[in-house]
Amino acid sequence: MAHEETVYDALDHAHGGEGQWAFGTGFDDPLAGVDTTVPEGVDPADLGAYCLMLGDDALVLCQRLTEWATRAPELEEEVAIANCGLDLLGQARLLLARAGSCGVLGRSREHATDSIPDEDALAYFRDPDEFVNHHLAEADGGDFAQTMVRLLVASTARLALVAHLRGSRDPVLSAIAAKGVPELTYHRDHAARWVLRLGDGTEESHRRAQAGVDAVWPLTADLFTATDVERRLVEQGVAVDPADTRDEVRDVLTMVVERATLTVPDWPADRPSPGRAGEHTDELAPLLATLQGLAREHPAATW
Amino acid sequence: MSAPTAVRPTEDELQAQFDATIAADRRIEPRDWMPEKYRAGLVRQIAQHAHSEIIGMQPEGDWLLKAPSLRRKAVLLAKVQDEAGHGMYLYSAAETLGADRADLTDKLVNGKQKYSSIFNYPTLTYADCGVIGWLVDGAAICNQVPLCRSSYGPYARAMIRVCKEESFHQRQGYELLMTMMRGTPEQRAMVQDAVDRWWWPSLMMFGPPDDDSPNSAQSMAWGVKRHSNDELRQRFVDMSVPQAQALGVTLPDPELALDETTGRYRFGQIDWTEFKQVISGNGPCNEERITRRRAARDDNAWVTEAATAYAAKHAAR
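Listed in order, the protein sequences are those of chains A and B. Under our numbering, think of the first position of the first sequence as 51, with each following residue one higher. Under our numbering, think of the first position of the second sequence as -6, with each following residue one higher.
Because the hints were derived from the structure by calculation, they are not lab data. Note that beta-carbon positions come from the ideal geometry of N, C-alpha and C, so glycine has one too. Careful: at least some of the hints might be erroneous.
As the list claims (entries may be wrong) - So these bits of chain A aren't anywhere near chain B, every CB distance computed over 10 Å:
id: 1; residue: P80
id: 2; residue: D85
id: 3; residue: E126
id: 4; residue: D170
id: 5; residue: A173
id: 6; residue: D190
id: 7; residue: P232
id: 8; residue: D239
id: 9; residue: G251
id: 10; residue: R258
id: 11; residue: A261
id: 12; residue: R300
Stated by the list, open to error - Pulled from the structure, derived: some chain A residues nowhere near chain B, Cβ distances all over 12 Å:
id: 13; residue: E128
id: 14; residue: G135
id: 15; residue: E347
id: 16; residue: A351
Said to hold, decoys possible - Simulated restraints, written as ranges between beta carbons of each label pair:
id: 17; chain 1: B; residue 1: E298; chain 2: A; residue 2: P315; range: 52 to 58 Å
id: 18; chain 1: B; residue 1: E281; chain 2: A; residue 2: P322; range: 56 to 62 Å
id: 19; chain 1: A; residue 1: A339; chain 2: B; residue 2: A304; range: 38 to 44 Å
id: 20; chain 1: A; residue 1: P322; chain 2: B; residue 2: R64; range: 31 to 37 Å
id: 21; chain 1: B; residue 1: S273; chain 2: A; residue 2: E126; range: 53 to 59 Å
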């Protein structure tokens, strides 16, 4: 009897092995074998708060990118945007789980039942004022040009930070950073290529790309001023001071934007990030309402 | 006294070669001669399949932003991404036959080519994502595994990967439903409701009954299709009933019963009027699906134009 007679046998026999799976059938745990004890002298509340900052940036930007699903310009772009979204989501999950394990759960546990894991309690049961992402992540995506400019800026800044974070004294942050570097390198490369094509493409795409740059640039004001939590963790060798990444980030962005035949706007003056303090634009609340609605309707459910 | 000229095989000889390849169960490859009807039929079938993958992103895509846990969001995003990938392989397979992706997309958004009518039903709750994985992807697997042996090489090879990923999708759907059935009473009710809505449309995925399937005979003879619609449908029912029992849901068919003599399940009459309504464009979501697909293309046409202009500029430099 032909192998196709039973569906699963046919699949096993069709090519053998597991090599045909897009991602393999097993998933490597990036934290396997990593010591999860909070390093000596580090306040778990600080470490958790820091993880939340980096986790929220990733989670909120993932949600914005996912808005493109089924609406992207090309099928190749559906695949690419989903890749970026999945990478950011993976980073967010690890970071939120780390925040939870450090006991940083905010008010989320007042609403989420015990069966809900920390990463979901934090993602689904915090209110907007407890989110600590930069405004850069939450800003409405605009058209495809603005989406790619934002992705370029966000991935450039995050890559610069995460590359240094590989040397963190916290082994968990260091492992998450090591996983993130190749991912963010791809995001930056993908976004940069689009900014080049759009900037140096047609008259319309040039106009849109410039509008995207002009809209996103002011949001870079928030990226380079450390919070008190970050300052303490920098001293302890756990965190990276975002101010130390400023030159690298600006150099990369300037190079790409100029190569794209676009005008680099004046850099805004640095300011403490309102987002890191829980102060957000009106764009975050509806984003979170969509993200959280179903989970909150069924607080006792497991999925 | 002229030098011998290369003898061109006659149409009859080419046809004989083609027939011999099919009879020997070997593959036809893109550069091989093939009858025009074989080529056109394959383009129609592969394009319809590709369109189904792309339109099929939408029903579940509607839940991507709302998935109730981060793990489910990751699973669903990976799944919808796979479907985009399947569409790409399949459009590429169609291109080996001389078709053009942009032209096929035109035909889709202008209603000149069809896609699986299952995707014209709405996804009302999160349980629908699980049921689509279990039943819709399950039915797709039954339909598609035999296509891994399709007589057309590029299609057969694309289908191997598609089927592997589809079986992963089916398992994640079933696993979601299992988790929900162990959850709250509201979750269990959601699962049963979704099963009630998707069961019959899933059976319709195998196409009209054999005695009313105009293209089937030729497709079978050419090795493009390997089993009849009714045979595949029966296989799907036999596979699904024990899975439903294990899940603890009731399939919405009072006539569903094991035939002790054949060991197969008898099932009730399918509402082919509904099927014809949906396939002819009057399903609950036909318009919405096509409108969104058209918008993705038209609203972003400037992006494609820019990429083309950029490539031309840089090739010229």
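Verification of the hints:
Residue-level check passed: A:P80 sits 14 Å from the nearest beta carbon of chain B, beyond 10 Å. With a minimum CB-CB distance of about 24 Å to chain B, A:D85 clears the 10 Å threshold, and the non-interface call stands. The Cβ of A:E126 sits about 7 Å from the closest Cβ of chain B, inside the 10 Å cut-off, so the non-interface label is violated. A Cβ of chain B approaches the Cβ of A:D170 within 10 Å, the least distance being about 5 Å, so the stated non-interface status is violated.
Remark: the non-interface label on A:A173 conflicts with the geometry, its nearest Cβ contact in chain B lying 6 Å away (cut-off 10 Å). With 10 Å as the threshold on Cβ separation, the claim that A:D190 sits away from chain B holds: the shortest Cβ distance comes to roughly 14 Å. No beta-carbon of chain B comes within 10 Å of the beta-carbon of A:P232; the shortest separation is about 18 Å. A:D239, annotated as away from the interface, keeps every beta carbon of chain B farther than 10 Å; the closest lies near 16 Å.
Separation of A:G251 from chain B is inadequate, the least Cβ-Cβ distance of about 3 Å not exceeding the 10 Å criterion. Here A:R258 does not stay apart from chain B, with its beta-carbon only about 7 Å from theirs, under the 10 Å limit. With a least beta-carbon separation of about 13 Å from chain B, A:A261 lies farther than 10 Å from that chain, consistent with its non-interface assignment. For A:R300, the condition that its CB be more than 10 Å from all CB atoms of chain B holds, with the nearest at approximately 25 Å.
Not every beta carbon of chain B lies more than 12 Å from that of A:E128, the smallest distance being close to 4 Å; the non-interface claim is violated. Some Cβ of chain B comes within 12 Å of the Cβ of A:G135; the nearest lies about 6 Å off, and the non-interface call is violated. With a least CB separation of 9 Å from chain B, A:E347 falls inside the 12 Å interface cut-off, contrary to its annotation. Under the 12 Å C-beta cut-off, the non-interface status given to A:A351 relative to chain B is violated; the minimum distance is some 5 Å.
One distance hint, 52 to 58 Å for the beta-carbon pair B:E298 and A:P315, is violated here, with the actual separation near 25 Å. Separation of B:E281 from A:P322 is about 45 Å and departs from the stated range, judged on CB atoms against 56 to 62 Å. The given range of 38 to 44 Å is respected by A:A339 and B:A304, whose C-beta atoms sit roughly 41 Å from each other. Judged by the Cβ atoms, the range 31 to 37 Å given for A:P322 and B:R64 holds: they are separated by roughly 34 Å.
About 32 Å separates the C-beta atoms of B:S273 and A:E126, a value inconsistent with the hinted range of 53 to 59 Å.
Checked against the numbered hints given earlier, this structure breaks hints 3, 4, 5, 9, 10, 13, 14, 15, 16, 17, 18 and 21; the rest are met.
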